[in-house]
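Once you have looked at the hints, place chain B on chain P.
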Amino acid sequence: MAVAPLRPSGPPDSPAQAFFHAAEATFERASRAGVVSRDLLLAGRRIRLEFAGEALLRPLTRALAHLLVAPKGEGDLTVLLWDRASTGVAAPPPPWGVDAYTVRSEIAGYNTDDFHTTFQTDTQSLLLFDGARMRAIYWTADAARLPTYDQAAPLRSILHWWSRRRAMQMVHGAVLAGEDGCVLLAGPSGAGKSSTALACLPSPLRFLSDDYSLLQFEPEPRIHCVYSVAKVGAADVDRMPHLRPMISNRWEVGREKAVFFLHEEAPEKLVGSARLRAIVLPDRCGGRDSALEPVSAAAALVALGASTHVQLPNAGEEVLRRLLPVVRSLPCLRLRLGTDVAQLAPLLVGLLRSLGRSPAS
Amino acid sequence: MAEPERFRINRPDVIHEILDGELVIVNLRNGAYYSLDPVGTVVWQEVERGSSEAEIVAEMLACFEGDAAVIEEGARSLLAELRREDLVTAAEGAPVADGRLPRDGRTAFAPPRLQKYTDMQELLLLDPIHEIDESGWPSRGT
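Chains P and B are the protein sequences, given in the same order. Letter by letter, the first sequence follows residues 1 to 361 of our numbering. Letter by letter, the second sequence follows residues 1001 to 1142 of our numbering.
Quick caveat, the hints were computed from the structure, so don't treat them as lab data. All C-beta atoms, glycine included, are put in the ideal place defined by N, C-alpha and C. Just to be clear, a hint being listed does not mean it is correct.
[Stated by the list, open to error] Residues from chain B shown here face chain P by an in silico Cβ test under 7 Å; the list is partial:
1. Y1033
2. S1035
3. T1041
4. T1118
5. P1138
Only chain P is shown next, with the shape it has when bound in the complex (with noise of 0.2 Å):
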């Protein structure tokens, strides 16, 4: 297998980058038995994940089965992936306290302009980049203990770092394409984001996200599908009963958001990539009816930004400039969410055909 010098020439290595050196050398260890390769294609670029023998193959891909693609060439980003369980290599011993843990999972000291260290404590995950070789690390203690929610959303710290040196941003949000391009529905944790989602599942409306996806800037503000899945609580099951037969995790359904991999239940819905033409902002209103009304840019920078910016280690200035012109160019909505789902998909494809009628692809 061919890897990148592992200590290139150049100034002493910052603690990150030591540190980043060291993870790579390990992988060479846990690696021994064979190297497992998966091309993934996002936005037009391929990204390499080479996985240290299988356990973590199917935890890591199935909610990115859509952009599997034939290994070919080099990959824009290369992932090196394995788990402790399954090779019997641990990562390197941290050098850092356990005051370095901080919330948004950054180990503090650790980031730099061109190097990312992220310790997820809730699936015992760690996560390096480095922006200058586009080379990323994922390690996890074990495959078979990584829990659903984060199998629904694999990767994502890594996919920010990348898409941040690739003039695009991964945005925290619902996204639902008709035939003239793309809504992205923003706003915090419960707003109705997911649940509007599903419900327009039955419709003409197309599926491109629930949770995570990926804004390209140029040359015209596009949304890309990252993962091909859709979570929401167990009331908004009973609520809509065309989801239940597509439940991934009904052992868990209650103390878990249910989970569904459309690519595998559903693939004709999704969609990969839309132009946007709207931010709406769902808004639990209460009453049986649903409407849009305008907003101010100001309310969807803040509901986008907010959410986005809280979720991804790392995020910063840059999260507010590049989002910016976005809401600016684009018409910001709120969606009065009523009890009847059923008026949601006509209130989204009027608004789509009322903005233009450039086709989604």
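Okay, now just chain B, sitting in the frame of chain P:
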């Protein structure tokens, strides 16, 4: 006589942008986003100039029509809230910036509203560090 207390925006942790007269403020330290209406934006711009509380109140009275006591209370309350949220802090010896933008006459006053918007639910789900395993990594515990 002591110099009046002046204020400054808590840079570099706090950044802001104006969209159609409405202010968006971000505290990069905790990811909290805020929106501030056009009335409150005047207070923010005065903070940015390095004005004292008395100067901020005077500018508000010059900009808006209404009961002077209500306008003064609105300005002082917002300033206190901005300080509580750590968006604004006391400035030491900061000079007052020159000039202000020309006003389009006085407009009706409405108490300014700072709306906070944060999505902390996901973060609250994160486990604290319970224990470290033999390899040095945090473990889930039992």
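Worksheet entry | Violated hints, by number in ascending order, as checked against the structure | Of the numbered hints, just 3 does not hold.
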